[in-house]
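Position 104 of the first sequence, counting from 1, maps to 466 under this note's numbering, and the rest follow consecutively.
Rather than coming from a laboratory, the hints here were simulated on the basis of the structure.
Keep in mind the model is a prediction, meaning the values are calculated, not measured.
One should not assume that every hint holds.
What the hints assert, rightly or not - Pair by pair, the computed Cβ-Cβ distance ranges are: (1) Lys465 - Asn423: 30 to 40 angstroms; (2) Pro378 - His409: 29 to 39 angstroms; (3) Lys395 - Glu368: 24 to 34 angstroms; (4) Gly434 - Lys465: 17 to 27 angstroms; (5) Glu368 - Asn455: 14 to 24 angstroms; (6) Gly434 - Lys395: 25 to 35 angstroms; (7) Phe432 - Gly386: 27 to 37 angstroms; (8) Gly445 - Leu467: 15 to 25 angstroms; (9) Ser412 - Leu467: 22 to 32 angstroms; (10) Leu468 - Gly434: 15 to 25 angstroms; (11) Arg396 - Gly445: 10 to 20 angstroms; (12) Tyr379 - Lys465: 29 to 39 angstroms.
To be verified - Cut-off 30 angstroms, straight-line C-alpha distance, at most; resulting in silico cross-link-like pairs (DSSO-like, lysine-lysine): (13) Lys381 - Lys465; (14) Lys452 - Lys395; (15) Lys457 - Lys395; (16) Lys457 - Lys381; (17) Lys465 - Lys429; (18) Lys465 - Lys452; (19) Lys452 - Lys429; (20) Lys381 - Lys395; (21) Lys465 - Lys395; (22) Lys457 - Lys429; (23) Lys381 - Lys429; (24) Lys452 - Lys381; (25) Lys429 - Lys395.
Where a beta carbon is used, it is the ideal one built from N, C-alpha and C, also for glycine.
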Amino acid sequence: MKNAFEDIYEVVRLIPYGKVSTYGEIAAYLGNKRAARMVGWAMCASHGDSSIPAHRVVNRNGLLSGKAFFGGNLMQELLEQEGIVVENNKIQNFKAHLWIPSKELL
DNA sequence: CTGTTGACTAGGC
DNA sequence: TGCCTAGCCAACA
């Protein structure tokens, strides 16, 4: 527990291979349910850290909202590389891949 | 200190 | 089903 950003990075790093999480769930795990935007913002600041699988973090619909930040379809390819089916910028069978820190880390 | 912006979310039409 | 609005919190000019 260093600062809010580090916490976010920590949780994102904990997302297992082939799994994804949402801004809202991460924010909820950190205690700020309303701070989903902050999570996304932290991701934006995490560009320099390659150890942070930001591609596993999507919005509540499983939509690759940050795809543009990865450049082209990189985010989608990374997810597909992990066995996640992505179509039209959206994760298919999203619920099956969803990883909720507040539940998994319980 | 005030206003704008953002990788969000929920509710309304 | 799809677009719009309001609420939310934090960083930045």
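Hint check:
| no. | hint | in the structure |
| --- | --- | --- |
| 1 | Lys465 - Asn423: 30 to 40 angstroms | violated (19 angstroms) |
| 2 | Pro378 - His409: 29 to 39 angstroms | violated (22 angstroms) |
| 3 | Lys395 - Glu368: 24 to 34 angstroms | violated (19 angstroms) |
| 4 | Gly434 - Lys465: 17 to 27 angstroms | violated (33 angstroms) |
| 5 | Glu368 - Asn455: 14 to 24 angstroms | violated (32 angstroms) |
| 6 | Gly434 - Lys395: 25 to 35 angstroms | holds (32 angstroms) |
| 7 | Phe432 - Gly386: 27 to 37 angstroms | violated (20 angstroms) |
| 8 | Gly445 - Leu467: 15 to 25 angstroms | holds (22 angstroms) |
| 9 | Ser412 - Leu467: 22 to 32 angstroms | holds (23 angstroms) |
| 10 | Leu468 - Gly434: 15 to 25 angstroms | violated (37 angstroms) |
| 11 | Arg396 - Gly445: 10 to 20 angstroms | violated (32 angstroms) |
| 12 | Tyr379 - Lys465: 29 to 39 angstroms | violated (18 angstroms) |
| 13 | Lys381 - Lys465 | holds (14 angstroms) |
| 14 | Lys452 - Lys395 | holds (23 angstroms) |
| 15 | Lys457 - Lys395 | holds (19 angstroms) |
| 16 | Lys457 - Lys381 | holds (10 angstroms) |
| 17 | Lys465 - Lys429 | holds (26 angstroms) |
| 18 | Lys465 - Lys452 | holds (23 angstroms) |
| 19 | Lys452 - Lys429 | holds (10 angstroms) |
| 20 | Lys381 - Lys395 | holds (21 angstroms) |
| 21 | Lys465 - Lys395 | holds (15 angstroms) |
| 22 | Lys457 - Lys429 | holds (19 angstroms) |
| 23 | Lys381 - Lys429 | holds (17 angstroms) |
| 24 | Lys452 - Lys381 | holds (14 angstroms) |
| 25 | Lys429 - Lys395 | holds (23 angstroms) |
In this structure, the earlier hints numbered 1, 2, 3, 4, 5, 7, 10, 11 and 12 are contradicted, and the remaining ones agree with it.
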